Amino acid sequence: MTDTKVLDANSVVKSFKEEFKTKIKESKIEKRSAGIKKIEYYHIWMKIDRSIFKKSIKHLCGIQFPHLAVVSGNDLGKTIELIYHFSLNHGHKNKVVSLNISVEIPKSNPTIETICDYIPGALVTEREKQEMLGVIVKGIPDSRRLFLPNDFPKNVYPWRRDEKGLDKMIRNLHEVKK
Amino acid sequence: MKTQKTTKATYQVPVGPIHPALKEPVMFEFEIDGERIVDVDVSLGHVHRSVEWASRRRNSVQVLYLAERICGICSYCHPIAFARAVENAVGIEVPDRGEYLRIIHGELERMCSHMLWAGVAAHEVGFDSVLFLTWQMREKLLDLTEYLTGNRITKGITMIGGVRRDITKDMFPKIFETLNFFKDNFEKLRHVFLDDKTFKLRCQGAGILTYEDALKLCAVGPTTRASGVKKDVRVDQPYFAYSDLDIDYITPDALTGEINGDVYDRIIQRLLEVKQSIDIMEQTIDKMPSGEIVAEPKIPKLLSTLKKAEGEGIGLHEAPRGEVIHYVKLEAGSDNPYTWKVRAPTYNNILPWIPMLKGEQIADIPIVAASTDPCMSCTNRVTIVDKEKKYMLNKEQLHRKSVEKTRRMMK
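As they're listed, the protein sequences go chains E and Z. Using our numbering, read the first sequence as starting at 1 and increasing by one per residue. Using our numbering, read the second sequence as starting at 179 and increasing by one per residue.
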């Protein structure tokens with residue numbers, strides 16, 4: 001596990017495209033450089049179809065066991081976007097590539113598969129997504145709330161921007177049942 | 179709440195929300211068999227202040243100051259990670275000198291934080307004279323922070339596209355004076371922590387995190403490096419100007435030749451990192467180029483650029499406790515960021531607590547919990563629920579238990 005091969009950004013994207021073809025909706029490699037020597041580093045942004053989500057994580061673990069930083073989320077109106085922030089090539093100086101895999105799920109059926117079976121460290125962030133965005137993570141080993149207290153009202157999700165968001169609750173705090 | 183099965187032999191000990199180790203609340207529920215910990219459950223959220231939600235009513239420059247107030251010890255790493263995320267989203271190039279200055283503040287914060295942690299760790303095993311020694315040394319760093327930024331804790335130094343204050347040549351002697359003080363006293367510090375019988379007794383073989391667990395649970399920072407996993411944002415990806423300097427991953431085997439992943443290794447790891455920080459600061463001052471310190475000095479102009487910008491970006495930084503990552507999404511026509519996600523290093527170091535604490539004794543809870551340097555909490559009381567009987571241990575009693583264990587082992 002210590003000696004992993006260095007993967008460059010292009011080959012990661014290529015490998016995903018060969019495996020999943022059109023299911024990779026969009027991919028972009030963001031090139032940045034730092035310092036006086038202007039050494040380059042890469043952030044990959046990839047939008048994938050929900051149907052291949054679990055397979056793509058399996059594929060990623062097959063290439064190299066990644067580091068999962070966190071899962072962040074956006075409320076985009078009709079859909080919820082989840083972005084999985086991975087990074088690859090740890091242990092190689094200046095070679096780490098950030099890989100951001102984004103998947104959109106409809107609000108009418110906000111479910112996504114768990115990735116805890118591949119990456120056990122994802123549990124904390126998956127629990128947070130459940131309570132903050134109202135996403136249902138199928139097969140999560142522990143579905144309790146993480147940050148919100150147990151008496152926090154059900155069906156209110158702080159990161160949402162629609163009627164399930166916090167705005168209404170904050171205006172009518174006196175109505176919130178203890 | 180998890181349903182708990184209590185067999186005859188075991189009982190449960192809730193620790194927290196006011197916690198044994200540090201100054202912020204977290205709650206542990208321990209399943210105890212005699213003195214031994216069989217299972218651990220961690221619950222969080224006692225200080226969740228909806229910072230991300232609060233950012234919806236602030237523009238990006240105001241968010242910098244909000245980010246600064248997420249944590250008192252990491253008051254530099256959050257605004258800098260936010261600034262980097264915005265810079266990546268918009269495509270702002272930071273001037274070279276700005277990048278070098280950012281390194282100096284980052285390393286100064288790391289030294290402050292590690293010295294504070296060293297004192298807390300000594301206190302947890304009942305060695306309070308070392309607490310006073312390390313915190314007295316840390317005072318020098320706080321003085322330097324005040325000299326460079328104008329404040330001891332909330333530095334207010336970060337700006338999107340650079341930093342707010344320059345470090346001029348006439349300020350260098352004071353920096354070197356502080357660094358030399360640490361170089362002169364480093365041997366003393368190493369001797370106190372690594373040769374002392376008390377520390378060896380309590381820390382060697384305690385709270386072990388294996389290489390596999392550290393990797394699978396995505397641990398970050400000194401916690402993961404002490405288990406031999408090479409993850410350090412400063413070396414991983416070129417950012418600021420770290421790629422211009424001569425730095426490499428540090429793991430405890432540099433000193434001892436082996437990696438055990440125990441509390442003792444985490445002490446070695448942080449001491450080595452203090453030494454590395456001194457070296458990095460010297461290199462930075464040596465190589466510092468001249469030029470601008472911020473990309474756009476006029477705030478209204480910067481804000482209007484940000485208002486027009488659209489895009490998303492991530493900002494990473496190696497905070498004293500490990501990788502901090504912020505995600506920012508900007509929407510054209512809005513002053514405020516559309517989404518802002520903060521991920522502090524302790525977030526990833528929560529799950530590793532479970533394998534660390536399993537199999538340890540009650541008296542080891544403070545030092546093992548403190549060994550990841552959680553940015554969270556301190557015990558004021560512990561409730562011990564023994565079937566029908568319920569009694570409490572306050573902070574002093576738990577601390578005394580820990581001190582007694584040290585005494586017992588020294589006999």
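These are calculated hints, taken from the structure and not from any lab test. These figures come from a predicted structure and were not determined experimentally. Ideal Cβ placement from N, Cα and C applies to all residues, glycine included. Please note that the accuracy of each hint is not assured.
What the hints assert, rightly or not - Computed list of lysine-lysine pairs in BS3-like fashion (alpha-carbon distance at most 30 Å, straight line): (1) E:K5 / E:K21; (2) Z:K347 / E:K31; (3) E:K54 / Z:K453; (4) E:K23 / E:K78; (5) Z:K394 / Z:K507; (6) E:K14 / Z:K408; (7) Z:K408 / E:K31; (8) E:K38 / Z:K366; (9) E:K37 / Z:K347; (10) E:K95 / Z:K394; (11) E:K5 / E:K23.
Claimed, not checked - Which residues of chain E face chain Z? A partial, calculated answer using Cβ under 10 Å: (12) I63; (13) L68; (14) S87; (15) N89; (16) I136; (17) G139; (18) I140; (19) P149; (20) P153.
Hint numbers contradicted by this structure: Going through the list in order, the structure violates hints 2, 3, 8, 12, 16, 17, 18, 20 and respects the others.
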